[in-house]
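Got chain Z sorted already, so can you dock chain U onto it with the hints?
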Amino acid sequence: MRKVIEASKAVAIAVKLCRPKVCPMYPITPSTHIPEDISNFVSDGELDSELVLVESEHSAMSAVVGAAAAGARTFTATASQGLALMFEMLPIVSGMRLPAVMAVGNRALSAPINIWNDHSDSVSARDQGWVQLYVESSQEALDTVIQAYKIAEAKDVLLPVMVCLDGFSLTHVYEPVEIPEQKDVDRFLPAYKPKDFLDVENPKTFGPIGFPSEYMEFRMAQQGAMAAAAKEVSAVNREFGKAFGRKYGDGFLELYRMQDAEYAVACMGTIAGTAKVAVDEMRKKGIKAGLVRVRCLRPFPDVGLRKAVKGLKGLAVLDRHISLGYEGPLYTDIRSAVCGSVGMSNYIAGLGGRDVTLSHFEKAFTDISKGSFKGGWLL
Amino acid sequence: MIAGMPEEEYFVSGHRACAGCAEALVLRHVLKASGKNTIVVSATGCMEVVSTPYPETAWKVPWIHAAFENAAAVASGVDAALKAQGRREGINLIAMGGDGATFDIGFQAISGAIERGHKFMYLCTDNEAYMNTGVQRSSATMPYASTTTSPAGKEIHGKQEPKKPMPLIIASHGVRYVATVSPSNLPDLHRKVKKALEVEGPTYIQAINPCVPGWGIASEDSIAISKLAVDTGVHPLYEIENGILKFSAKPGQWKKVEEYLRPQGRFRHLTDAETGKIQEYVNARLTFLEGIEGKKCFDVLM
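Protein chains in written order, with my numbering: chain Z, 1 to 379; chain U, 1 to 302.
Here chain Z stands alone, though its shape is the one from the complex (with noise of 0.2 Å):
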């Protein structure tokens, strides 16, 4: 069925077609359209799921924990300050290997306190054990929710998932969405039964204290872990594929006319939209353009990145966040996983919601068109 639905209610019925037992939720700007759809559902009988309207964000990630160690599938929703509020937990989550998932409506840190749309609250959240996936649709909003708990429930993984949406410019934007049929969803996520959960009859103890002789044993299980989840993310998206006709890229990269590109530009999230655009743009004027959509931060894919640039003279990457003191995250990321092998600059973009326009992308390609590789704020 085809409906037109704002990104918010796409993950909501994503949500409620995977069936979680129960959503700790609280809200928080630009997410609370999907606690409200969520809480809609439970109200009207759509989705049987406990909600635990918890006190804080905090509390909504605690819950989170009690519940998945419970076994219960979980889902809970946040962004920016509640996502920073909750960061005590995130590593808790991981380290505890619950699959829970959770969408992040991608919003900017105070201060200034300000709702809008950047980066810096889930790519801050980037070294906590969370698997991470950044989506440019509503579609893929819905699709990589369902896809994320196949992601996080497979047994060698055993992961959390953040499906990161950008703030209003997605979460608030109304698209045409595909929603799949309950019963096909049913058959490619079956209900989550772990082997492990809090069991009067088969008592196990849970987040017990680890010693320096044992502590790092247990990062590299996540880190492991991590590399299952690589495996995952590909094999997810295709099977996703073959059963409802939509896939993304890899799984982890989008390319765009990069088979012949000389100059691309690499980016998060909905303003890979703008830059398709500018890529035909550029194509018009002669310049061999393209662009890598990064979808999946964490596994992050190195491999595939390296495989993408083959060829190129030159890649822009535009941040939505800065490292402060030092540069754009995702530029860090690209340039050691390509390891000098292109020309590369750092474009700081779109912070606190400032608009990412056709002339910013028409910029980078410019610059690097031109063996400029300087960078600079887009302002």
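To be clear, the hints were calculated from the coordinates, so they are not data collected in a lab. Given the structure is predicted, the values throughout are model-derived calculations rather than measurements. There could be a bad hint or two in this list.
Stated by the list, open to error - Simulated pairs of lysine to any residue, SDA-like, Cα-Cα distance not exceeding 20 Å: (1) U:Lys83 to Z:Arg19; (2) Z:Lys307 to Z:Gly353; (3) U:Lys60 to Z:Asp196.
Only chain U this time, still in chain Z's reference frame:
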């Protein structure tokens, strides 16, 4: 072995608590009272550290620890999951934390979980300071007690503020059962835990837990000091059931607070005037509690 108490142990020996730790004893008996069908959610603290050095555990019931301030929030998730899975019936859910985890950093999470009406018993094991990090002052610390962050100095003699009246604050939320217990009165503790676990909603139990290193007492004295806390009225035993406070095991006459203070290193610096002030403070709190005894003083909303 105390007559009538179950022999089964669910918090077992081998943990690394100090000799004479009253908290370990309280846990052992709370678990005896709650039995096999119990899930424990623990805050960060001494008990979490001493009982679960990976790969060992002292817990024979399912147990989970996530962070310092969120045992009640984690328990909310467990309660919701058990309900959603259709296995809530017959499972006792206990969230526990020390006074730091309860009075201070976890205050919001407890208030939230109670307001939402989750069925769980919150157990505060109160040793009146952050003992796990080396005896720092909390809002549960007794006035004039010396801690490492409220030291008995030349100018300032220990903590200058009163103790937060946590059981009354919890009772004000409208919960159906709040009680104080002491390791010096185990039959009372058993009865109260059982009662708390029968309630279809949130309940709260606060145990006084003398801390051997933190209070500067001899390891063999922790139960005697607990008893003095009760008998002097520093930690009076009572229950607030359906909004009505009733003392339990109340002595005919309250002993002098000095008897309780004298054996403790943390009060060694007290002047006579300060001891007198603590007595006045304890008297004032007792007068308040005696004044509301037997009256409906709290709305019961759940």
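How the hints compare with the structure:
| no. | hint | in the structure |
| --- | --- | --- |
| 1 | U:Lys83 to Z:Arg19 | 15 Å, holds |
| 2 | Z:Lys307 to Z:Gly353 | 32 Å, violated |
| 3 | U:Lys60 to Z:Asp196 | 15 Å, holds |
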